[in-house]
Amino acid sequence: MQIFAAFEQSIQLELAITNIQKLGIDNIYTVPLDSGPEDIQLLDTINRSDGLSLSSVGMVLAVFCSVIGAARGFDHQWGPIVWGIIGAIFGLLVGFIGKMVFYKVKMKKIRWVKGKQPDIILIIECADHEGQRVEKMLWEHAAIGVGKAVDA
Amino acid sequence: MPSFKQARRPLANVSIWGTTYIHKRNPYIVALWSATFPGFGHLLINKYVRGYFLIIWEIFINQSSRLNLAMSYTFTGDIEIAKSVINVNVIYMYIPLYIYSIWDSYRACVELNNLYILSENEPSPVKALIVKPFEINYLDKRSPIIASLWSMSIPSTGQLYLNQFVSAFFTLVVTVVFVYQSHFIEGIHYLLLGDVHHSTAVLDRQWIFYLPSIYFYGIYESYVNAIENNKLFKAEQKMFLKEKFPVKGFKFKGAKVK
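Going line by line, the protein sequences match chains A and B. Note that the working numbering gives residue 37 to position 37 of the first sequence, counting from 1, and the numbers run on in steps of one. Note that the working numbering gives residue 1081 to position 81 of the second sequence, counting from 1, and the numbers run on in steps of one.
Same shape as in the complex, but just chain B (with noise of 0.2 Å):
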């Protein structure tokens, strides 16, 4: 068994709930999400606990101020009306959270950056396999194609196939109840049969707002995580040819070159 030295700052744990793995990220990209969904900025850089509350906190308080409405209706210029289906009593508790989500995601993002640079080179003592009771995990090299285009069928498949286990059931959850409440089926169904007005009509105009965040962030996240874990294996694996099968005392017996 190769002994792996332990490190000072460990950047990845494998386990059966998921692969948590610090890397560089772009901070900026980190913030543009948490401004599409308060949460996803944090999802992003593995930080699931605050960006579960974030992403239910949003739910909510967009519910109960009528956020998506009022904001639909500003786009489509019917100012009066934006202004008489939203509730003030809670709107204004949006803003600073709406805010801080932004704003702590990029600072966090930034600071694993730092860390993940400062132990980059150390090794990190990563288990390439967990098998428990009811579910296993390992490293291996997915396709990040195959996970994003499970996430365009419906989000959460592109997250199961790379064993976030956690992700997927969140992502499934939410997505149902987006896809539930929106009557987005319903809609397409018509659409479908060529009846615009009929598919317009049975839409829910405040819950259809969430579909294109969590859609399109299924897609990226899957399809970043793939890519992320396929470098971790790759990390772990060179780490262990290194420490079992080293270059060391080897002699080239071939011919020499004239």
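Just chain A, same shape as in the assembly (with noise of 0.2 Å):
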């Protein structure tokens, strides 16, 4: 029997390798899988952040404007506490908003991705009564998908 099994890439994966092979299950192989082609790019995920970044204009932006608003905040009634912070939420809304229309303007072909993204493609070469305690495992370890292929 052959077990697919989708992962994302985290420390999980290898405890998963591990465990298998701790069970006596030496057929292992592993298929990674390549991000998209170039055009197509994700924004700010847990793996990513050259090019596309919402943040990166934003936070200067918000020290720019929390620096000018504290400063003139001195003369005016709430104090430079409460104008450098409303500069700060302002920098930052501008940066990210200008980053957005820019992005929805000028590239239409982002994918924006939700959830998990496998990155690698565990396969699994056992035997058929051993399959269940694979699978199990597999799942326990935070597999995102498993298939089976009965032996033909």
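Because the hints were derived from the structure by calculation, they are not lab data. All C-beta atoms, glycine included, are put in the ideal place defined by N, C-alpha and C.
Which residues of chain A face chain B? A few of them, derived with a C-beta cut under 8 Å, are:
#, residue
1, 66
2, 71
3, 79
4, 149
Each chain sits in its own coordinate frame; assemble them with the hints.
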């Protein structure tokens, strides 16, 4: 029997492999999946910030607007702290919305990715009676999907 | 043990002091951070010694020239007071190094991007786990959101979460000095009690303007570094899996699609 599992890369994946090896199963194969073609990019995810990032300009603007807000706040009723915070939020929002609009207008091919992204296909070859234990182990270590191919 | 071929230009280093990794960055963002505070751009591209040098220099010259004070009076329109508080004897030293730090971080970022492109596909002999008598560092997946949330509480905790030990230490020391000297916490205290006037009066108008940059920089740096460390983790793991569990020799035994 052959078992196929899709995994997000993490330490869990290596734990799964190690635990399966402990069962005495040695026919283990991996197929790393490359991320999509160049023109398709993902927005700020756990894996990627190059190129596309909603936060980078906003953070810098937050600093500038916060400094100016705080300075002007010394002369205004609410004081520098409140105006500094208002400035920071204003800068963040301007940067964030600005980038959002920029991406919407400039790049129409953005693939908004939600949830887990498979990075690795793990293949395990084992005897039919071991199948259930292996499958359980895969699910316990955060497999995204598991499929079985019974010998033809 | 998988034996990784020695790369000509190794891109990463994992040590107990932190994880250093050359990767692609936007040079304009790096230059902008240098404009908020000389040295931050260099820290972003992992040129730490240069970055710390520029930060300490900036604090020294800003303090001795009263630049923040003058800037704050300029923004409120009190130009005459601004002119009177500034120390003419040192202020002109500020300008060349301020511009240099922006230019240098931009230039270095572009160069590092080029080096990254050249050695992107070379195997990098990076260690996934370092154990030393007093500290441990290892590659793992960490959440950029958690990292930036910690940085929001007090700058340096986000860096500590990522094992960036030196970064965290430096950031914490600088933050404590800024918060203490600016009387920021006192200001918040009176603000929460509803006494805005007292809150404004207690703040130090020279020191307070360092706070926004170090605060937001900490959030940004820990966020970006979490993501980049995750990419390094994934690259190293993929290399290991390709070496140890290659798909070579595998034959599909299931039924064929008809």
